[in-house]
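*Asks:* Below, each chain spelled out in residue letters.
Number of protein chains: 2
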Amino acid sequence: MKLQVIVTLKKDVLDPQGSAIKNSLANMGFKNVENVRQGKIFDLVVKEKNEKEAISKAKQMCEKLLANLTIEDYSIKITKE
Amino acid sequence: MKLQVIVTLKKDVLDPQGSAIKNSLANMGFKNVENVRQGKIFDLVVKEKNEKEAISKAKQMCEKLLANLTIEDYSIKITKE
Numbered sequence: 005m006k007l008q009v010i011v012t013l014k015k016d017v018l019d020p021q022g023s024a025i026k027n028s029l030a031n032m033g034f035k036n037v038e039n040v041r042q043g044k045i046f047d048l049v050v051k052e053k054n055e056k057e058a059i060s061k062a063k064q065m066c067e068k069l070l071a072n073l074t075i076e077d078y079s080i081k082i083t084k085e
Numbered sequence: 005m006k007l008q009v010i011v012t013l014k015k016d017v018l019d020p021q022g023s024a025i026k027n028s029l030a031n032m033g034f035k036n037v038e039n040v041r042q043g044k045i046f047d048l049v050v051k052e053k054n055e056k057e058a059i060s061k062a063k064q065m066c067e068k069l070l071a072n073l074t075i076e077d078y079s080i081k082i083t084k085e
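Protein chains in written order, with the working numbering: chain A, 5 to 85; chain B, 5 to 85.
Keep in mind that the hints were calculated from the coordinates and are not lab data. For clarity, every value in this text was computed on a predicted model and none was experimentally measured. Just so you know, even glycine gets a beta-carbon here, dropped at the ideal spot from N, CA and C. Fair warning: there could be bad hints in the mix.
Claimed, not checked - A few chain A residues that face chain B, going by a derived Cβ cut-off under 10 Å, partial list only:
| hint | residue |
| --- | --- |
| 1 | K14 |
| 2 | P20 |
| 3 | K56 |
As the list claims (entries may be wrong) - FRET-style restraints, in silico, Cβ to Cβ:
| hint | chain 1 | residue 1 | chain 2 | residue 2 | range |
| --- | --- | --- | --- | --- | --- |
| 4 | B | D77 | A | N39 | 36 to 44 Å |
| 5 | B | L18 | A | K35 | 31 to 39 Å |
| 6 | A | K14 | B | K35 | 28 to 36 Å |
| 7 | B | D77 | A | Q21 | 19 to 27 Å |
| 8 | A | A24 | B | E67 | 16 to 24 Å |
| 9 | A | S28 | B | A24 | 24 to 32 Å |
| 10 | B | D16 | A | E55 | 24 to 32 Å |
| 11 | B | A24 | A | E38 | 19 to 27 Å |
| 12 | B | K56 | A | T74 | 21 to 29 Å |
| 13 | B | K63 | A | K53 | 31 to 39 Å |
| 14 | B | S23 | A | E85 | 20 to 28 Å |
| 15 | A | N27 | B | A30 | 19 to 27 Å |
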């Protein structure tokens, strides 16, 4: 089963990297970009047939390794059985 | 309009960071993870009402700044009008 995990900074956390990208884009002529936030995406392949079980494991992975819950949020979706 | 840009390594490009995460997960007891690939996600807010125009601009941003087309692929989707 394939899962996609997206980890993004929480809404209220400053994103200096996103700001730098926004500024670079503006300097390159993309003036109508109002905001950029950067996050991470993890494509996981797991040996697991039960969807509920796969998502529950992925949640544990996020909480223990993939995301820093103090400043980041995560979302998980199944992309392929 | 809000756009989501996902940049991932091309299928044939080695992903040492993904491998490291896979190994860490295995060491933490998540033995059934077969593969991990890490990518980047950009949430953009653009001042643009025309969907086609917004996607065309986002493509240019990917090709000029956000993605390294030699080793990375990108995908763009509109997440909010």
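*Asks:* Next step is simple, just say for each hint if it's right about the structure.
*Replies:* Now for the hints, and whether the structure bears them out:
1. K14: violated, 13 Å
2. P20: violated, 14 Å
3. K56: violated, 15 Å
4. B:D77 with A:N39: 36 to 44 Å: violated, 24 Å
5. B:L18 with A:K35: 31 to 39 Å: holds, 37 Å
6. A:K14 with B:K35: 28 to 36 Å: holds, 31 Å
7. B:D77 with A:Q21: 19 to 27 Å: holds, 21 Å
8. A:A24 with B:E67: 16 to 24 Å: Roughly 19 Å apart at Cβ, these two residues keep to the hinted range, so it holds.
9. A:S28 with B:A24: 24 to 32 Å: holds, 28 Å
10. B:D16 with A:E55: 24 to 32 Å: holds, 29 Å
11. B:A24 with A:E38: 19 to 27 Å: For A:E38 against B:A24, whose Cβ atoms are near 35 Å apart, the range 19 to 27 Å is violated.
12. B:K56 with A:T74: 21 to 29 Å: violated, 40 Å
13. B:K63 with A:K53: 31 to 39 Å: holds, 38 Å
14. B:S23 with A:E85: 20 to 28 Å: Roughly 24 Å apart at Cβ, these two residues keep to the hinted range, so it holds.
15. A:N27 with B:A30: 19 to 27 Å: Cβ of A:N27 to Cβ of B:A30: about 40 Å, so the range 19 to 27 Å is violated.
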